[in-house]
Amino acid sequence: MAGRDHLADDTADDLLALLLWIGDDHLILGHRLSEWCGHAPMLEEDLALPNMALDLIGTARMCYGYAAEIEGGGRSEDDYAFLRDGTDFRHMLMVERPNGDFAHTMLRQFLFAAWMHPLWDGLTGASDARLADHAGKAVKEMAYHVRHSGEWVIRLGDGTAESARRMRAALDDLGPYIGEMFESDETSARLVVAGLLPDPATVRAAFDSTVARTFTMAQLPPLEIGAGISGGRAGRHGEVLGHLLAEMQFLQRAYPGQTW
Amino acid sequence: MSDDTRSLSPRDLMPIWEVFIRPRTGLAHSHVGSVHASDEVMAVQAARDVYTRRGEGVSIWVVPSASITASDPDQRDENFDPAASKVYRHPSFYDIPDDVGHM
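Protein sequences appear in the order of chains A and B. Each residue of the first sequence is one higher than the one before, starting from 0 at the first, in numbering that gives the first Met the number 0. Each residue of the second sequence is one higher than the one before, starting from 0 at the first, in numbering that gives the first Met the number 0.
Simulated from the structure, these hints should not be mistaken for lab results. Note that the coordinates shown come from a computational prediction; the quantities given were computed from them, not determined experimentally. Built from N, CA and C at the ideal position, the CB exists for glycine as well. Don't take every hint at face value.
Stated by the list, open to error - Taking beta-carbon pairs under 10 Å as the criterion, some of the chain B residues facing chain A (in silico): (1) L12; (2) H35; (3) D48.
Stated by the list, open to error - Sample of chain B residues facing chain A (criterion: CB under 8 Å; computed from the structure): (4) V31; (5) V34; (6) Q44.
Same shape as in the complex, but just chain A:
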């Protein structure tokens, strides 16, 4: 099914927005994880982190490919990834935060996956067949990300004095960025009604349950989501995104249309 003909115009615009939220979250976090390649603390994680990065980038490709069809302007998935400026990106701020240490990266991955897993689980019943089909694949990937990163959160949080200190510092750093996951607006409300997003309360309950179980075992304090920093969905990003894009987009900017 190509183009937007199968969708009402309003729905098509909302779905386009959703695909960029999800696609940008996954591309930027996937790029951050890929930065560990060759730098992880042990060989096993040097493979595990790029494995997870490739899962995320695969989802970004699906989102951009579908978005390009709905938009109908002749753009390709590469155009979305490599030729947009920072203010055009719609990811939440947490995913663009620098990797920090291994504890920071694992906690961020755990929080992201604990949120995306129930979201994809809900989307397996989405009213859009293409989204529902991809959700069936992504929900398995996120289940593994929750497990892999969650086990590390537990072992570092309840490990040595040094690892526990680092895991708590990671929680302090990431805390202000968690609330943006659960923000809603008119577009997201319409997407829920249209069957293109699951009920936010269901997603939140699953997230809270996963986090509470893991944090208890990790000797971390209960997660409290207070007022935080947001604006990513409106294209307001930190300076760090500019540095990320400079590296990620360099090749296509310097050699337009280059392929291999």
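Following the hints, complete the assembly by docking chain B onto the known chain A.
Quick look at chain B alone, frame taken from chain A:
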């Protein structure tokens, strides 16, 4: 949180585990290599990430390397050379009927 982990070496904190993969249902688990991990749960995860990236398996076993008892390399001649002269143990002297199929 244990306070005495500081005195442990990296090898104690991250021992080696031998990894066995079953390529598909009906076949035996085969040794494929080893990983470092803090415990058996992390060892299975590490094995999954290192050894099943290209669809190599449907099941993983991990065993602490320290649990494996190996034959002594110094006893190799006495262990294995005597088998070399007993060609009659190979079942190559029988005609296998076609109906039996692949053995």
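Hints, one by one, checked against the model:
1. A distance limit of 10 Å between C-beta atoms decides the matter here; for B:L12 the minimum to chain A is near 9 Å, and the interface restraint holds.
2. Annotation: interface hint on B:H35 holds; nearest CB of chain A at approximately 6 Å, less than 10 Å.
3. Given the 10 Å rule on beta carbons, the hint for B:D48 holds: about 4 Å separates it from the nearest Cβ of chain A.
4. A distance limit of 8 Å between C-beta atoms decides the matter here; for B:V31 the minimum to chain A is near 14 Å, and the interface restraint is violated.
5. For B:V34, the interface hint holds, the least distance from its beta-carbon to any beta-carbon of chain A being 5 Å, beneath 8 Å.
6. Proximity of B:Q44 to chain A holds as hinted, the smallest CB-CB distance being about 6 Å (cut-off 8 Å).
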